[in-house]
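Protein chains: 2
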Amino acid sequence: MPETSATEEPANQKPTPDRILAAASALFQAQGVRAVSVDAIAGQAGVTKRTLYYHFRSKDDLIAAYLTARDEPNLAAFRRWADAAGSDPAARVTALFHGLSRAVRHPKWAGCGFLRTAVELNTLPGHPAVVAARRHKQAVEDWLTAGFSALPPEAARTLARQVCLLIDGGFSLVMLHRDPAYMDRAGEAAAALVRGSLPAQAGGQNRT
Amino acid sequence: MPETSATEEPANQKPTPDRILAAASALFQAQGVRAVSVDAIAGQAGVTKRTLYYHFRSKDDLIAAYLTARDEPNLAAFRRWADAAGSDPAARVTALFHGLSRAVRHPKWAGCGFLRTAVELNTLPGHPAVVAARRHKQAVEDWLTAGFSALPPEAARTLARQVCLLIDGGFSLVMLHRDPAYMDRAGEAAAALVRGSLPAQAGGQNRT
DNA sequence: GTCTATATCTAGATAGAC
DNA sequence: GTCTATCTAGATATAGAC
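In order, the protein sequences belong to chains A and B. If you use the working numbering, the first sequence corresponds to residues 4 to 211, in order. If you use the working numbering, the second sequence corresponds to residues 4 to 211, in order.
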């Protein structure tokens with residue numbers, strides 16, 4: 004049969020480490036990091052365990068890589084949802100929770116990966132994955148704080164924390180009860196808190 | 004005074020099944036249900052594994068028993084904290100979160116057992132322990148709803164859910180960041196939401 | 001009812017060929 | 001870089017004596 008360049012990968016075939024990490028991420032997200040075995044990851048990626056361990060030092064490394072890789076895209080989605088609503092803080096928060104509500108309604112959604120992993124590794128507070136989870140949640144809180152810059156710094160910080168509490172309360176209770184409506188109630192509560200702290204912006208969609 | 008029957012246990016020695024369940028509960032609470040082995044439970048209880056399996060059919064049975072046993076006492080604590088504040092809903096919610104804030108500051112606190120266990124067993128939605136967790140959280144929500152009976156039923160239900168979202172958001176973020184202050188911010192948010200929905204009661208906090 | 005001892009399975013990680 | 005085959009440790013659960 005005709006020979007093509009043997010070193011070129013087909014366009015639809017990602018490099019092996021990427022395939023392994025993608026397989027691990029999908030399985031971790033669906034079943035949690037403790038329920039997924041290295042065998043299952045290798046199988047899903049179409050490689051053997053030996054190959055997996057050639058590219059990653061340990062399962063813990065894979066878990067950390069999984070969460071680290073999700074940090075930026077998650078934050079980008081948050082920003083995208085809020086930015087689409089303009090500049091009014093209450094409208095932005097409402098839009099953020101609309102996005103979250105759609106996300107948790109996705110049939111494959113099975114909890115916030117950061118929160119779940121932090122719970123599963125709770126006895127290892129220094130685990131790189133736990134550190135990554137903490138940093139991601141902190142980044143969300145900092146981003147929200149910046150969005151409340153019309154308030155004094157202390158008040159902006161408090162309000163951002165309260166919105167975070169409602170986000171993660173939503174993640175927790177949607178997962179526990181398997182009822183996405185909890186995220187909608189969280190969004191309404193968050194919007195009410197924002198409206199209670201910030202005067203509605205002049206212009207835009209505020210009412211007088 | 005005649006001697007008591009030799010079959011009576013000394014007062015400080017609880018029956019074996021109780022000792023096993025107590026040991027299991029302490030370990031599950033501290034480390035999570037998956038991280039604790041049956042060996043460790045038996046060791047902590049001062050019995051062998053064989054004795055443990057004589058009294059409990061499986062580890063899953065023990066997990067379910069652990070959460071089922073915590074349902075009532077947890078709810079009783081919530082009621083006690085709120086009742087101490089009288090009848091004003093906002094004051095009751097504030098007191099509830101003060102109690103929660105003290106609880107999560109306890110050096111041995113390591114997350115809400117119901118939430119943690121539900122996460123750890125997330126792939127088994129029908130597991131008796133997950134069902135018990137769901138029922139407990141529902142009971143809290145129903146109790147809160149009843150406390151907002153001054154509102155129309157639908158509004159009372161919504162407000163109760165929002166308070167629950169803040170409670171479990173607090174549990175999650177206190178655990179993740181290892182910072183109890185999150186529970187205080189949650190309490191302030193909950194009180195603000197209650198004050199926004201319910202007119203403050205006339206008279207002192209104990210008027211009925 | 002409680003013990004010692006063990007069965008059985010699955011996990012993460014490795015050896016060495018090619 | 002990828003494979004087949006295996007090691008070792010730990011898990012849940014059980015057998016059978018006393």
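Worth flagging that the hints you see were computed from the coordinates, not collected in a lab. The model shown is predicted, which means the values in this text are computed figures rather than measured ones. Treat the hints with caution; some may be incorrect.
[Claimed, not checked] So, partial list: chain A residues that the calculated Cβ filter (under 10 Å) puts toward chain B:
#: 1; residue: ALA29
#: 2; residue: GLN34
#: 3; residue: GLY35
#: 4; residue: ASN77
#: 5; residue: LEU78
#: 6; residue: ALA80
#: 7; residue: ARG108
#: 8; residue: GLU123
#: 9; residue: LEU168
#: 10; residue: PHE174
#: 11; residue: TYR185
#: 12; residue: ALA195
#: 13; residue: LEU201
#: 14; residue: PRO202
[Claimed, not checked] Okay, the calculated beta carbon distance ranges per label pair:
#: 15; chain 1: A; residue 1: SER40; chain 2: B; residue 2: ALA29; range: 25 to 35 Å
#: 16; chain 1: B; residue 1: ALA29; chain 2: A; residue 2: GLN47; range: 31 to 41 Å
#: 17; chain 1: A; residue 1: LYS111; chain 2: B; residue 2: LEU78; range: 30 to 40 Å
#: 18; chain 1: A; residue 1: ARG22; chain 2: B; residue 2: PRO18; range: 37 to 47 Å
#: 19; chain 1: B; residue 1: GLY129; chain 2: A; residue 2: LEU127; range: 26 to 36 Å
#: 20; chain 1: A; residue 1: TYR57; chain 2: B; residue 2: ALA149; range: 38 to 48 Å
#: 21; chain 1: A; residue 1: THR19; chain 2: B; residue 2: GLU191; range: 30 to 40 Å
#: 22; chain 1: A; residue 1: ASP21; chain 2: B; residue 2: THR54; range: 45 to 55 Å
#: 23; chain 1: B; residue 1: PRO18; chain 2: A; residue 2: PRO76; range: 18 to 28 Å
#: 24; chain 1: A; residue 1: ARG22; chain 2: B; residue 2: ALA29; range: 41 to 51 Å
#: 25; chain 1: A; residue 1: LYS17; chain 2: B; residue 2: ASP145; range: 44 to 54 Å
#: 26; chain 1: A; residue 1: ARG53; chain 2: B; residue 2: ARG105; range: 49 to 59 Å
#: 27; chain 1: B; residue 1: GLU191; chain 2: A; residue 2: ARG181; range: 42 to 52 Å
[Stated by the list, open to error] Simulated coverage check for chain B against chain A, where a stretch passes if three residues somewhere in it have a Cβ under 8 Å from a Cβ of chain A:
#: 28; region: 161-169
#: 29; region: 182-192
Yeah, the Cβ is synthetic: ideal placement off N, Cα and C, and Gly gets one too.
Structure-based check of each hint:
Because the closest C-beta pair between ALA29 of chain A and chain B is about 14 Å apart, greater than 10 Å, the hint is violated. Because the beta carbon of GLN34 of chain A sits about 5 Å from the nearest beta carbon in chain B, less than 10 Å, this interface hint is met. Hint status for GLY35 of chain A relative to chain B: holds, with the closest Cβ pair at about 6 Å, below 10 Å. With a cut of 10 Å, the hint placing ASN77 of chain A at the interface with chain B is violated, because the nearest CB-to-CB distance is about 15 Å.
Hint on LEU78 of chain A is violated. Least Cβ distance to chain B is approximately 16 Å, over the 10 Å limit. Among the interface hints, the one on ALA80 of chain A is violated; its C-beta lies about 20 Å from the nearest C-beta in chain B, farther than the 10 Å criterion. At a threshold of 10 Å, the smallest CB-CB gap from ARG108 of chain A to chain B is about 17 Å, leaving the interface hint violated. Because the closest C-beta pair between GLU123 of chain A and chain B is about 6 Å apart, less than 10 Å, the hint holds.
Restraint check, LEU168 of chain A versus chain B: the minimum CB separation of about 4 Å is within 10 Å; hint holds. At its closest, the beta carbon of PHE174 of chain A sits 8 Å from a beta carbon of chain B; the interface hint therefore holds under the 10 Å criterion. Checking TYR185 of chain A against chain B by beta carbon gives a least distance of about 6 Å; that is within 10 Å, so the hint holds. Hint on ALA195 of chain A holds. Least Cβ distance to chain B is approximately 6 Å, under the 10 Å limit.
Taking 10 Å as the C-beta contact cut-off toward chain B, the hint placing LEU201 of chain A at the interface is violated, the least distance being around 13 Å. A hinted interface residue such as PRO202 of chain A counts as satisfied when its beta carbon comes closer than 10 Å to some beta carbon of chain B; here the least separation is about 15 Å, so the hint is violated. Distance hint check: the CB atoms of SER40 of chain A and ALA29 of chain B are about 29 Å apart, consistent with the given range 25 to 35 Å. Judged by the Cβ atoms, the range 31 to 41 Å given for ALA29 of chain B and GLN47 of chain A holds: they are separated by roughly 37 Å.
Between LYS111 of chain A and LEU78 of chain B the beta carbons are some 34 Å apart, a value that agrees with the proposed interval 30 to 40 Å. The hinted range of 37 to 47 Å is not satisfied by ARG22 of chain A and PRO18 of chain B, whose Cβ atoms lie roughly 55 Å apart. The supplied range of 26 to 36 Å is met by GLY129 of chain B and LEU127 of chain A, whose beta-carbon atoms lie about 29 Å from each other. Taken as a hint, the range 38 to 48 Å is violated for the pair TYR57 of chain A and ALA149 of chain B, whose Cβ atoms sit roughly 60 Å apart.
Restraint check, THR19 of chain A to GLU191 of chain B: a C-beta distance of roughly 50 Å breaks the suggested window 30 to 40 Å. Between ASP21 of chain A and THR54 of chain B the beta carbon distance is about 51 Å. The supplied range of 45 to 55 Å therefore holds. Hint check: PRO18 of chain B to PRO76 of chain A, Cβ distance near 54 Å, so the stated range 18 to 28 Å is violated. At about 43 Å, the CB distance of ARG22 of chain A to ALA29 of chain B agrees with the hint of 41 to 51 Å.
Separation of LYS17 of chain A from ASP145 of chain B is about 50 Å and conforms to the stated range, judged on CB atoms against 44 to 54 Å. Our hint of 49 to 59 Å for ARG53 of chain A and ARG105 of chain B holds, since their Cβ atoms are close to 52 Å apart. For the hinted restraint 42 to 52 Å between GLU191 of chain B and ARG181 of chain A, the CB-CB distance of approximately 30 Å leaves it violated. For the region 161-169 of chain B, the stated coverage by chain A is satisfied: 6 residues place a CB nearer than 8 Å to a CB of that chain, which reaches the threshold of 3.
Counting residues of the region 182-192 of chain B whose beta-carbon sits less than 8 Å from any beta-carbon of chain A gives 5, enough to reach three: the coverage restraint holds.
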